[in-house]
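Trainee: In case you want the letters, here they are:
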Amino acid sequence: MPSAFISRKNVFGLRSMGQSKTKPSFFNEMIDGGTVRAPYRGLEGWSRDMPLDLRTLKQSEAEKLFRRIGITFAVYGEGGDPDRLIPFDMFPRVFSGAEWRKLDMGVKQRARALNAFLADVYGRGEMIRSGRIPARLVYQNEAFERAVVGIRPPRGVFSHIVGVDLVRTGPDEFFVLEDNCRTPSGVSYMLENREIMMRMFPQLFRENRIAPVEGYPAALRRTLDSVAPRKCEGAPCSVILTPGHFNSAYYEHSFLADMMGIELVEAADLFVEGDFCWMRTTEGPRRVDVIYRRIDDAYLDPLCFRPDSMLGVPGLMNVYRSGGVALASAPGAGVADDKAIYTFVPEMIRFYLGEEPILNNVPTWQCAKSDDCAYVLDNLSELVVKEVHGSGGYGMLVGPRSTKDQIALFADKIRENPGNYIAQPTLALSTCPTFVEEGIAPRHVDLRPYCLVGESIELVPGGLTRVALTEGSLVVNSSQGGGVKDTWVLAE
Amino acid sequence: MLSRTASNLFWIGRNIERAETVARLLEVGSRNALIPNIGGGYRNEWDAVLQATGKVEDFNAKYDEAVQRNIESFLFFDQDNPSSVTSCVEAARESGRIVRTALTGQVWDALNSGYQEINELRRTERSKLSISDLVDWTTRHASLVRGAIEDTQLRNDGYDFLYLGFALERGDATARMLDVKYYVLLPEVGYVGSGIDNYQWTTILRALSSNRSFNWAYGGGVSPAKIADFLILNRKSPRSLITAAEDAMHHLDRLARAYGRTTEAQTRIRGIVGELCETTVDDIFDEGLHEFLTRVINEVALLSGIIHEVYLSGETR
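Going down the list, the sequences are from chains A and B. Residues in the first sequence are numbered from 1 upward in steps of one, following our numbering. Residues in the second sequence are numbered from 1 upward in steps of one, following our numbering.
If we strip away everything but chain A, and leave its shape as in the complex, we get (with noise of 0.2 Å):
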């Protein structure tokens, strides 16, 4: 089995690190070669120019933006700071319009598949039978929600906010890492690092040519509006579902909310009654719609879901089953984005759409697989492990970057329960310029792109990047010390 894995790497072109023992080489996504790339010519005299004191200046300065705006994250079990900053980069990250229309091509054709993988899961389950995919891993996933089967959401949309995550190792090679068909966060990122950016630098903006992003809240607003259900009378009420105020992710939750002029609401303020869902206003109950939920599955309604629980709306299931309310995204599409279920996309691409996948796949071990798990325990010093459902870098494991001890101990943990792990190459992520202490140095990045899915599907032109701040580390996530970069389209 290991060979045919090795000629997938070949198929692909990947570049991957650790194979070989000599220093691995990155792409950098600004310098090639000696030259600079041509989307980054328009920083390279203005990163050159730079004065030291300036740039000091320029990042307390939109620290202090950060922090006045109180756009904060907290770290879910770090304790400490809850009003702790991301790190953002001054430094840009730019794509080409041709780099770009690539990825947007590749990203929607990724959200339809997703879709209508979905719809098919929840309906006649038809890749299923045809036995392109295993049934256990679909109906036995943890994410895999039975009171959803038979329901067809508005539209048939299941996700209408898809965050694909991708990297990059080589001019033209960018892999997908996972995707996220729940409620993928950091947008708010997005739109206020452009907006630092553009307070901070204008010049840059009057010197390049770069697409802008403030259309977002405006798109997501249309596409929410747009899946407004069956017995929506007259303009749809749509509102965003929040845990509260103590969610690490609060900030963007209100952020959306006020971008697109709609009620920011929590479980206590809805409530079911005849076959609605209504909120509770100074002026008495209002009907709701459309609700854009950025809470789990789990505490939705705890009629349906959790019993115990006494978060959630009593009730919601049967109001969205019968097609009185719109939940974005639809409970259970969590299934799509499962990492086991991550490894048959380019098949569903394949068989919902009929095209070949725009974007690839990064070559995946299953540990469930006797032969793959086998592999991985013989490599793991080369491999990047990962819990199949989890996320935010946590219980994750790089190879390269560990001692033989935590191998050891990670092995152990793998031979204990090997379906909960697969495993990857441990790519080479490729390298954007940064501010470091010492001036400017490479640092690895990734980019998630935000796809909504309604009535059209949109992409807006950019993303957030995250960048590890920490010389040679591969792990971008805010919880593990990760920074954020503003991230540019330049208009063709």
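There may be inaccurate statements among the hints.
What the hints assert, rightly or not - The list that follows gives simulated cross-link-like pairs (lysine to aspartate or glutamate, DMTMM-like), each with its CA atoms no further than 20 Å apart: (1) A/Lys64 with B/Asp179; (2) B/Lys55 with B/Glu72; (3) A/Lys413 with A/Glu356; (4) B/Lys226 with B/Glu299; (5) A/Lys64 with B/Asp109; (6) A/Lys64 with B/Glu120; (7) B/Lys62 with B/Asp47.
Said to hold, decoys possible - Label-pair distances were calculated between CB atoms; the ranges are: (8) A/Arg415 with B/Lys62: 52 to 58 Å; (9) B/Ala61 with A/Gly481: 38 to 44 Å; (10) A/Asp275 with B/Asp151: 31 to 37 Å; (11) B/Ser73 with A/Phe246: 25 to 31 Å.
Keep in mind that the hints were calculated from the coordinates and are not lab data. Heads up, the beta-carbon is just placed ideally off N, CA and C, and yes, glycines get one too.
The hints should help you fit chain B onto chain A, whose structure is shown.
Mentor: Just chain B, lined up with the frame of chain A:
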């Protein structure tokens, strides 16, 4: 507007007003402590301040002695005391964060920077902070928030809920301060009109930032009747009960018009304002100042409950 949003706005108003009241009480205490004690009364003037906040038990459970440093800790810094300046400023900011979308950038800025600043104060060495610094900071913060609201908030229902919070808390605070003066500060009726009595009255005025305005309005000469008139019945006084009641009525009326619906809250406030309009100082003293004030405090609590029921719970239809 979401009922929860309205409720948070209401409590922003109440907490900012309360922070200011507590800070002013601190000032009263520090001033009173400078005056030699002439027997009787409270031996320790700080006790009286504690009484005024209604938190004696909470204080005793945590601190030994009612000395300045402890009172300062309790009333300004203590996060376990929900009425401390720190707690109020934090609660107001937290409410602001919850209803961020219902506030202008400037109002949020004022709430948020106050929160950042008070955290800085908490990190500062205590010996470097005088009580007047703390009081000044608090009144400045309250003014900043109020100014930002006045200058930038949309004049919609949210604005009315903010101001209802301010008005109700202010009426409650003035009534309590007056009551404390009569029943806590002064042990025996014999002291009424004595030198120490007058000094304490003046301190109350000072605490309500009304010393100068009182002199302008009444040509000096402190007497219980004049002060009761000034703090209860005089429309010129920004902190009198009637001013607070009429403010509340104004904003409740605006809500009734905006929503096209009159509720029990409007009826109730009309009753309160009507009574204050027709009452004279003599009536109040005939009834007994304490009895009168107790009634007012209960009326305010009742009104607060009704506002909660008809607007903030979302149950009314």
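Trainee: Hints the structure violates: just list their numbers, smallest first.
Mentor: 1, 3, 4 and 10
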